[in-house]
Amino acid sequence: MTAATTVTAPATTALSVSGLVKTFGATRALDGLDLQVATGEVHGFLGPNGAGKSTTLRILLGLLRADTGTARLLGADPWDDAVALHRRLAYVPGDVELWPGLTGGEAIDLLARLRGGIDAARRAELVERFDLDPTKKGRTYSKGNRQKVALIAALASDAELLLLDEPTAGLDPLMEVVFQDLVLQARNEGRTVLLSSHILSQVEKVCDRVSIVRLGRVVQSGTLSEMRHLTRTTIEAEIDPTRHREGGAHPASGLARLPGVHDLRTEGARVRFSVDGAHLEAAVRHLGDLGVRSLNSHPPTLEELMLRHYGDELAATGHGTTTDGTTTPDVSRTDTARTDASADLGRTDAGTEGGSR
Amino acid sequence: MSAVTDAAPRDEGLRRREAGGTPGGNALAGTGVLFRFALRRDRLRLPAWVLAALLVTLSGVRKAADLAPDAAALGHQVPPEAADMSETLRGPAMLAMTGPEHYLTHFTPASVLSMLMIGYGALLVGLMSVLTVVRHTRADEERGIAELLRSGVVGRHATLSAALAAAAVADVALGALFALVLPAVGPAGVTGGGALLYGAAHAAVGLVFAGVAAVTVQLSAHARAAGGMALAVLGAAYALRAAGDVGSGTVSWLSPIGWAQRTYPFVDDRWWPLLPALALALATAAAGYVLSTRRDVGAGVLAARPGRPGASAALARPLGFALRLHRGLLAGFCAALLLLGAMYGSLFGGVDDMLKDLDDVREAITRGAPDGRRRGEGGSLVEAFASTIMLVVAVVASLHVVMAALRPRAEETAGRAEPLLATGLSRTRWFGSHLALALGGGTVVLLAGSLGLGLAGSASAGDSGLVWRLLGAGLGYAPALWVTGGVAALLFGWAPRATALAWAVPAYGFAVGYLGKLLDLPGRLNDLSPFGHVPQLPSADMRWTPVVLLTLVAAVLVAAGLAGFRRRDLDTK
Numbered sequence: 001m002t003a004a005t006t007v008t009a010p011a012t013t014a015l016s017v018s019g020l021v022k023t024f025g026a027t028r029a030l031d032g033l034d035l036q037v038a039t040g041e042v043h044g045f046l047g048p049n050g051a052g053k054s055t056t057l058r059i060l061l062g063l064l065r066a067d068t069g070t071a072r073l074l075g076a077d078p079w080d081d082a083v084a085l086h087r088r089l090a091y092v093p094g095d096v097e098l099w100p101g102l103t104g105g106e107a108i109d110l111l112a113r114l115r116g117g118i119d120a121a122r123r124a125e126l127v128e129r130f131d132l133d134p135t136k137k138g139r140t141y142s143k144g145n146r147q148k149v150a151l152i153a154a155l156a157s158d159a160e161l162l163l164l165d166e167p168t169a170g171l172d173p174l175m176e177v178v179f180q181d182l183v184l185q186a187r188n189e190g191r192t193v194l195l196s197s198h199i200l201s202q203v204e205k206v207c208d209r210v211s212i213v214r215l216g217r218v219v220q221s222g223t224l225s226e227m228r229h230l231t232r233t234t235i236e237a238e239i240d241p242t243r244h245r246e247g248g249a250h251p252a253s254g255l256a257r258l259p260g261v262h263d264l265r266t267e268g269a270r271v272r273f274s275v276d277g278a279h280l281e282a283a284v285r286h287l288g289d290l291g292v293r294s295l296n297s298h299p300p301t302l303e304e305l306m307l308r309h310y311g312d313e314l315a316a317t318g319h320g321t322t323t324d325g326t327t328t329p330d331v332s333r334t335d336t337a338r339t340d341a342s343a344d345l346g347r348t349d350a351g352t353e354g355g356s357r
Numbered sequence: 001m002s003a004v005t006d007a008a009p010r011d012e013g014l015r016r017r018e019a020g021g022t023p024g025g026n027a028l029a030g031t032g033v034l035f036r037f038a039l040r041r042d043r044l045r046l047p048a049w050v051l052a053a054l055l056v057t058l059s060g061v062r063k064a065a066d067l068a069p070d071a072a073a074l075g076h077q078v079p080p081e082a083a084d085m086s087e088t089l090r091g092p093a094m095l096a097m098t099g100p101e102h103y104l105t106h107f108t109p110a111s112v113l114s115m116l117m118i119g120y121g122a123l124l125v126g127l128m129s130v131l132t133v134v135r136h137t138r139a140d141e142e143r144g145i146a147e148l149l150r151s152g153v154v155g156r157h158a159t160l161s162a163a164l165a166a167a168a169v170a171d172v173a174l175g176a177l178f179a180l181v182l183p184a185v186g187p188a189g190v191t192g193g194g195a196l197l198y199g200a201a202h203a204a205v206g207l208v209f210a211g212v213a214a215v216t217v218q219l220s221a222h223a224r225a226a227g228g229m230a231l232a233v234l235g236a237a238y239a240l241r242a243a244g245d246v247g248s249g250t251v252s253w254l255s256p257i258g259w260a261q262r263t264y265p266f267v268d269d270r271w272w273p274l275l276p277a278l279a280l281a282l283a284t285a286a287a288g289y290v291l292s293t294r295r296d297v298g299a300g301v302l303a304a305r306p307g308r309p310g311a312s313a314a315l316a317r318p319l320g321f322a323l324r325l326h327r328g329l330l331a332g333f334c335a336a337l338l339l340l341g342a343m344y345g346s347l348f349g350g351v352d353d354m355l356k357d358l359d360d361v362r363e364a365i366t367r368g369a370p371d372g373r374r375r376g377e378g379g380s381l382v383e384a385f386a387s388t389i390m391l392v393v394a395v396v397a398s399l400h401v402v403m404a405a406l407r408p409r410a411e412e413t414a415g416r417a418e419p420l421l422a423t424g425l426s427r428t429r430w431f432g433s434h435l436a437l438a439l440g441g442g443t444v445v446l447l448a449g450s451l452g453l454g455l456a457g458s459a460s461a462g463d464s465g466l467v468w469r470l471l472g473a474g475l476g477y478a479p480a481l482w483v484t485g486g487v488a489a490l491l492f493g494w495a496p497r498a499t500a501l502a503w504a505v506p507a508y509g510f511a512v513g514y515l516g517k518l519l520d521l522p523g524r525l526n527d528l529s530p531f532g533h534v535p536q537l538p539s540a541d542m543r544w545t546p547v548v549l550l551t552l553v554a555a556v557l558v559a560a561g562l563a564g565f566r567r568r569d570l571d572t573k
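Chains as they are written, first to last, in the UniProt record's numbering: chain A, 1 to 357; chain B, 1 to 573.
So here's chain B without its partners, still in its complex pose (with noise of 0.2 Å):
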């Protein structure tokens, strides 16, 4: 059987040596084999990332649709509702989120959708290619999977060039995916060629970003540190497009995808500012053909940075060394909640007109006021989508928990528990530095997230009171993340091997509090749910029984996961 299969491969590569292939004399031999070879690794990666951009494309479509008015695109009268909205649009928060105020020259569903989304949709494909380049080519090479490749009927410049080729096909794909759907399902002022401008917009940035990678994948030996490279310089022309929109828009040309946006489809339909865009990704992917010639196989450009030769006092402390692994995916998850809370955020000022039509929602959202009380008022309606969106934030928040909390079991199976319990340090202090920072990591995550669901709210709504009031909110939530650490305390002490269920405690939370309203579910579902027991701050009033039952379920729950632990046998390799 495995005669069989390993037969194949060395078929192949004797047909091509027997077919006359000089490996020595030309580089990009073997490239097509490595081509098909990528596209299959990626047969489910690739149309998943492409799908996932259509969708949050087309989830773009419907906002944009809520928020421009159809009427706009036949006649230019503007009604006076849209140009309260267009108004709103204009806001220098709104504007670093979307994209240049240029767009609202032509007030349409369609030139919203571009303003709205080709800034997260370039950030998407983006981070598409440079992942696949970074994939197929140093990350190979880290794993010695290209050093076999090449030792093969393999150019040199044969991964490089498949990579490219895979990362290309992608973004080509996608831009052509959007060309089609975008006139079928568009908001009206869609039009053929616009669409055809919005996928190759997206498809030009797709390409820039493979050029860079194709770069950084050179610069450093590590798939790591090449990707993380990669995606500060997206992160970079994100932040540079950001600015200039917010401003005067010169520094926005600094960006590729500021190029992207300054096409303006559905509104000017220019194709020319898509010309710097491939002139740079030919350049960057040159530049990576000729910073390859200049390294070995394995080694990178850029000499690997020495790290301290000795530990900081923190680090040798307990809570300091949990700190430094779990700090990243802290920081990570910040920022990431600071940008989501502020997302929904800066919808706070719309939210009456985009609920007008929306009935089912607006009722499940009053809905989630307690004792079937409706508020009429617009401010009550965006304290009550307020709570909703909070829930949001604190699942959000509890994924983090439970990652974190679930970090000395990775810790445990990889073998790196067994030398520190070795050492003075106790079963009761180690898994409980991990865990402090899992609760009090995961409490910050949430007021990060309510930080910027606040700030951008108060901003959009108006009303400065709202970000004190919803920090207030998100620490309610705090007792529920602590009961989903705690049950994950409470498995990985009892239950090592079945620690993988605490994920279940977000997946529930979300499933019954957020769709559950939606769906209308009986409210009893909730009561298994400890975000179900939170009050919904800050649509309904404070009560404090359920936050102290809370703590207390979280504290006996963790005591019981430090016992247990404490009793059993640590899992070694």
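If we strip away everything but chain A, and leave its shape as in the complex, we get (with noise of 0.2 Å):
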């Protein structure tokens, strides 16, 4: 597993950033940032709003010079060789601004003539798909329509690397739906992917491998099966109390004993505790013994995780000290980082439940 992740040879590695740092004035918007994406990936790059996500992507479009540490691109330097590496990718910004007087049509082919061409099948049908009308002036578009344009700019083009900085923000879920199957289909032809977002769903359902970042740094990296408290699943339920009494203690506190289940909490009638997706089935049994009332599941958001996971490591650790070198970073830190947080959250909820109630 260690020797898996560990050994990526140059070759395979689309992008490798290594130490950035980019202030704007008094702000540290990326503070020490390392990441990794290899060859025909699909990475997510997990984040909070003000992360450094969008930070990080200009600076590997050449947009903006870091201060210090290093970044390559397809094997080549993303400031000196801005224009070369970028008639092989494509972006797309999280704000899509157009020319007010340009139609939609008119900036998709722009965009996408000025990279170095477009395929006109493909653009036919990805604006078909996307369902834009490619008619309209740009002063007339919504949010959804503007992403669109990027995005159908983007993906039409032959790029071996497609940025992607939260290019669904405004689409509807339907549009959303489209979205994913593209990147999907973009990673069978072997492109890579570099996805910023801030929607855990999204990141969990076509990544292969997710970043966290967090105050400008990665905070953690792997595998979505590696970082499973990301998978899991948060259940709230109101149970029968008179029944299963085990001499005193509270009907649901079987759950605790079964595998998977962590922060289990309960008062009166009222259980709540997350599952791994993997024990989700034997823990939902066991609840049905238990005279289930109401049901209400949903998956951790992102601000949950964030707090609970990487808010105690960094305060704990300070800066400098989580980066424990560049050539095991991935697994190591993953690990760590689960221990940590598995013991944070026995303190976290304690804390929790003695404050409030």
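Everything labelled a hint here was simulated from the structure, so no lab data went into it.
The structure displayed is predicted, hence computed values, not measured ones.
Yeah, the Cβ is synthetic: ideal placement off N, Cα and C, and Gly gets one too.
Nothing false has been slipped in among the hints.
Below, a list of computed lysine-lysine pairs in the DSSO-like style, where the Cα atoms sit at most 30 Å apart:
1. Lys-143/A to Lys-573/B
2. Lys-137/A to Lys-573/B
3. Lys-573/B to Lys-136/A
4. Lys-205/A to Lys-143/A
5. Lys-205/A to Lys-573/B
Some chain A residues close to chain B (C-beta under 8 Å, calculated; not the full set):
6. Leu-64
7. Gly-116
8. Lys-137
Put the complex together from the two separate chains, hints included.
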């Protein structure tokens, strides 16, 4: 496992960043950011707003210059070789601005042809799938439609690398599904995708690997299965409190003995816990025996994860100590983080319970 | 604090509802509130418009006094030099730019004022009306303000009524101001009744175009398109009257501006041509109300015209794309400078007479000639005058250069540069294509101004060679424009937050180059301005050294600007 992830031959690395620092006046947007993306993978770049995702992408595009640190993109330098690199990649910003007097179709062609060309058939197909009217002027488009214009220009290209910065902001759920299809299609064609997002479910559906960024540095990086706490489901249920009392213990206390169940909290008839995806079935079956009156389940939100898993870690370790070398970055850090996280969870939950009740 | 300010409109609404307003039934409910609100929003804008129109007219009063002798106001005997002047005014070019020839049958400063200025005054008041109506109807609707208002106790026709009332108040105020001020400052021949008619003619044109705008804002869902349609009607009205006044006069009767001019204030003082104007104002406003009931809030009667579904081959090239962004501004500046040049050029024939009594100006203008050379004969005085005007033309053209050279900055801060520069387009080509259009476009604008000056000047002064000499003189200023553009490029590359400083170049150039001559400022001040180094053609001789040096300076500035932009961070949102 360790060997598999550490051996990343240069030939298969699409994108490699280490120790990136970027300040804007007093603001430290990037604070020693490391990121590795292998060729052909869909890499989720996950973090809350203001974590430094867009700044990283703009440095990779040569639009901004890093203060210190190195970045290599498709084997070249993103600042010095910007134009040559841009012909091999396509970029979708998170907040697309269009020219008010140009139609959407004109903007698509403009962006695509300045990159180096467009596949007309693919363009037509994408226009239809995204349900975009390309004859309307830029000033009349809604935010979602402006995003579609940039997405079509990028996805209709033959770029080796797609840099997507929260590309679906403003798209409706139907279009989100179309987008996810297209990203998977791009991966099947062998392209590399760096998808910046603050929506966990989106990353979960399409990404092979994920890097979690907070306050200008990557706090964790790995495959989704390595970060199972990301895919846990939080369950809130109301049970029949008269059933199955086991010698004074709460009826639901048996749940805690099940594998994969975390953060169990009970209060009267109400039960709340989170459970790993693989153990969901057992937990739900157990819950069924307790006489469920209502059931509510949802994936953890990014904000929850950030607070629970990375807030304390950052505060405790301070700056500069979490980077434990670049040769074996992924797994060792994942494991540490997970251990820390589990330890933290107990503490946090105890604290919350004591404080709020 | 915010609670206090929030509470005020709510109380207003409550009070009206309690007073028994019937929101559903009364289509005009809320008009009064909206009207007062519109006047409040425009409390600076409308007075500024009215004052500007008054100042333009007052400048006409002075010009008219120079053109027509006072003596003619007393008897009907026209002195010989006045006859010459009236012949100049009778030229087709002059008639196209002023008004019907009939004004000259009564050759007084007052009648010449009416002839010269009613056309321009009508354009101004028409523009004011159109912009006011569009701002308070369609522009608000496009921004979503109207939806908010309409959900309150506001009737269906309240917005349009309030906008029309605001425009009408401004129109009538302007007319009243003219009626009061003209007798007070007016040239010989002004009568109280004539001044009242003069003001009423302006107000009537204003009302007509308020009505026209009331129709166009229903047609298009976009304020820009609605305003553009109304202004196109205004432009057509002016063109019709110009064509009619040069010809038989019949076509002028198709134009509201033609009606206003045919009231002949201070000549015939007839009121009846204002009747069709009022009828048209009422008819168009009524049509606006009817059309507004046939559309939804936020929509237009005309469906939005679909544009091209894809880009033309030229658009996808950096220069072609930049041209697309610049072409509107460029065409506007070319047309404006062609007209400005023609306006000044048409005065060439009368330069000597105009300057007869203004020794200071005459001296200042001839001081423009180098080495203290003063040329006595008339032709060179025209050339000296042309040199001074050429500076004005060059400074206005340099405004275009600054606007165009700062366009990349606007694109950058709007976030539209980012996706482009993430393509195969290099920073140098992107910025370079905008700069090429700024410098090249500025040169074209300069030539348009020179051409207007030359064509009208040669017609007016009867010197056909003037066209070529003035085109050459205009081209002589091109390196000064390039330096201006170079300064803007340098700021964009190295101090993007300070790009507004580029405006200092034309401002300083105009202040020391044009006003400095009148104020007798030291010539050294002019050395700091790129315009100060240009040989003042056509009155001075051509000197190549400063032209070559200015071009080199411009090249260095542009190169430095490009280098700075290549090494700095892009400003992103």
